[in-house]
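A.B. asks: Protein chains in written order, with numbering that gives the first Met the number 0: chain W, 0 to 218; chain Z, 0 to 218.
Hint data in this document are derived by calculation from the structure and do not stem from the laboratory.
Just so it is clear, CB atoms sit at the ideal spot from N, CA and C, and this is done for glycine as well.
Any given hint might turn out to be false.
Heads up, simulated EDC-like pairs for lysine to aspartate or glutamate below, C-alpha to C-alpha not over 20 Å straight-line [as the list claims (entries may be wrong)]:
(1) Z:Lys118 to W:Glu143
(2) Z:Lys43 to W:Glu143
(3) Z:Lys118 to W:Glu117
(4) W:Lys85 to W:Asp159
(5) Z:Lys85 to W:Glu75
(6) Z:Lys34 to Z:Asp159
(7) Z:Lys85 to W:Glu74
(8) W:Lys85 to Z:Glu149
(9) W:Lys85 to Z:Glu75
(10) W:Lys43 to Z:Glu143
(11) W:Lys43 to W:Glu149
(12) W:Lys118 to Z:Glu143
(13) W:Lys43 to Z:Glu149
(14) Z:Lys118 to W:Asp159
(15) W:Lys1 to W:Glu117
(16) W:Lys118 to Z:Glu75
(17) Z:Lys34 to Z:Glu74
(18) Z:Lys43 to W:Glu149
Calculated from the model, a selection of chain Z residues having no Cβ within reach of chain W, i.e. all distances over 10 Å [said to hold, decoys possible]:
(19) Lys1
(20) Leu63
(21) Leu107
(22) Ile112
(23) Gly158
(24) Thr183
To spell it out: a stretch of chain Z is covered by chain W in this simulated footprint if at least three of its residues, at any positions, have a beta carbon under 8 Å from a beta carbon of chain W; those stretches are [to be verified]:
(25) 20-32
(26) 76-90
(27) 94-100
(28) 166-179
Number of protein chains: 2
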Amino acid sequence: MKLYGFWRSLATYRVRAALALKGVDVQEVSINLLKGAQHGEDYKAINPQGVVPSLQIDAATPPLYQSMAILEYLEETYPEPPLLPKDALGRARVRGLSLIVACDAHPLIVPRIRDYLEKSMHLDEAMRNRWLQHWTLQALQVLETHLAAERATGRFCHGDTPTMADICLSGQVFAADYFNVAITALPTVRRIFDACMALEAFDRSRPLKQPGAPQSLAH
Amino acid sequence: MKLYGFWRSLATYRVRAALALKGVDVQEVSINLLKGAQHGEDYKAINPQGVVPSLQIDAATPPLYQSMAILEYLEETYPEPPLLPKDALGRARVRGLSLIVACDAHPLIVPRIRDYLEKSMHLDEAMRNRWLQHWTLQALQVLETHLAAERATGRFCHGDTPTMADICLSGQVFAADYFNVAITALPTVRRIFDACMALEAFDRSRPLKQPGAPQSLAH
Chain W
0 MKLYGFWRSL
10 ATYRVRAALA
20 LKGVDVQEVS
30 INLLKGAQHG
40 EDYKAINPQG
50 VVPSLQIDAA
60 TPPLYQSMAI
70 LEYLEETYPE
80 PPLLPKDALG
90 RARVRGLSLI
100 VACDAHPLIV
110 PRIRDYLEKS
120 MHLDEAMRNR
130 WLQHWTLQAL
140 QVLETHLAAE
150 RATGRFCHGD
160 TPTMADICLS
170 GQVFAADYFN
180 VAITALPTVR
190 RIFDACMALE
200 AFDRSRPLKQ
210 PGAPQSLAH
Chain Z
0 MKLYGFWRSL
10 ATYRVRAALA
20 LKGVDVQEVS
30 INLLKGAQHG
40 EDYKAINPQG
50 VVPSLQIDAA
60 TPPLYQSMAI
70 LEYLEETYPE
80 PPLLPKDALG
90 RARVRGLSLI
100 VACDAHPLIV
110 PRIRDYLEKS
120 MHLDEAMRNR
130 WLQHWTLQAL
140 QVLETHLAAE
150 RATGRFCHGD
160 TPTMADICLS
170 GQVFAADYFN
180 VAITALPTVR
190 RIFDACMALE
200 AFDRSRPLKQ
210 PGAPQSLAH
């Protein structure tokens, strides 16, 4: 199994973390987003959208794409440990929390958006940073409101074992780190992030612990 | 069952179409996004994110949120007719196609983004329209590339019965209509959109056929 991704990519992080939690071995292939490798013909033959991640199961199977679709595939094919609860309402809650990040926040801060704001809209760095910080913080505030109020919240977003929602939440906290967004006012988000990182599978999946990440930033 | 939504909302359309395809009755409650009703305290008690749709199953159950999480819930609780194939790879393909729209395209054109581009970034209408058209078209081009090349494509996105991917594709074609994006160069997308609209469940779920939609635009 081959995971095409990039150290910094938060969508890649989601798949890496899910594979690590489920104990599935994968070979990672780096597609350097900072050098535009995702737009090359070689990679577009794997992923026509020119985005990471893609998961190649084997040579006979077309690569899978879209991180949340990949997570659902892994859940169906490697069910243990589960990353979704068993009951339909619980599953809806975990997916809902996940998609607050995966649909409504993360796609606003990815390289193609940052490029468009800079090169097509000619917005200066201060305005671009305001955009990145605004949407990154907003999603985490919405998560905090849900998580702090709802009885289904436990040590993790849903009960006491990690789910897809924790994978998405922790990725969004990395985004906050990237863009200097303080999350001190979000105690439940912070607590759950810390609970995630206390697990070896999450910790070794961190963007800044991947090959290619700048060593000066690793923590 | 109550669906909080808005006639124009494409995420609401997804849930409305899924319910119609599955033959589930629902009462729709309009949250007027054009008047900012989604930001009111009443609605935020239902959906802290202040977005539509929300699906209230009954008075005892917290409302569900995020359209794709709601679609998965409906698939689990009203399995017939299925909106996902049975095999894990097919399910991954349908979810992947769906999320190209639901994660990477639609969240870029929703009211809160249009408001931010106008009121916080002070971009003029021409530049805002370029943004809306660019991301709307790009997702449909990616879908066309997948659908035209892949053998799993049938009368619909995946085989000969509609799935979540057709719901997402058709919503994105409505977005193209809203923003005057020509899709003449996307024959597979157009063909599948037409196949969807030939079904009564899709046709009566169209945004422009809902109460409140401007009659002059209905088609």
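A.B. asks: Decide, hint by hint, whether the structure agrees.
C.D. replies: A quick look at each hint next to the structure:
no.	hint	verdict
1	Z:Lys118 to W:Glu143	violated (26 Å)
2	Z:Lys43 to W:Glu143	holds (14 Å)
3	Z:Lys118 to W:Glu117	holds (18 Å)
4	W:Lys85 to W:Asp159	holds (14 Å)
5	Z:Lys85 to W:Glu75	holds (11 Å)
6	Z:Lys34 to Z:Asp159	violated (40 Å)
7	Z:Lys85 to W:Glu74	holds (14 Å)
8	W:Lys85 to Z:Glu149	violated (33 Å)
9	W:Lys85 to Z:Glu75	holds (11 Å)
10	W:Lys43 to Z:Glu143	holds (14 Å)
11	W:Lys43 to W:Glu149	violated (42 Å)
12	W:Lys118 to Z:Glu143	violated (26 Å)
13	W:Lys43 to Z:Glu149	holds (15 Å)
14	Z:Lys118 to W:Asp159	violated (42 Å)
15	W:Lys1 to W:Glu117	violated (33 Å)
16	W:Lys118 to Z:Glu75	violated (44 Å)
17	Z:Lys34 to Z:Glu74	violated (32 Å)
18	Z:Lys43 to W:Glu149	holds (15 Å)
19	Lys1	holds (15 Å)
20	Leu63	violated (5 Å)
21	Leu107	violated (7 Å)
22	Ile112	violated (8 Å)
23	Gly158	holds (15 Å)
24	Thr183	holds (20 Å)
25	20-32	violated (count 0)
26	76-90	holds (count 4)
27	94-100	holds (count 5)
28	166-179	violated (count 0)
Checked against the numbered hints above, the structure violates hints 1, 6, 8, 11, 12, 14, 15, 16, 17, 20, 21, 22, 25, 28; every other hint is satisfied.
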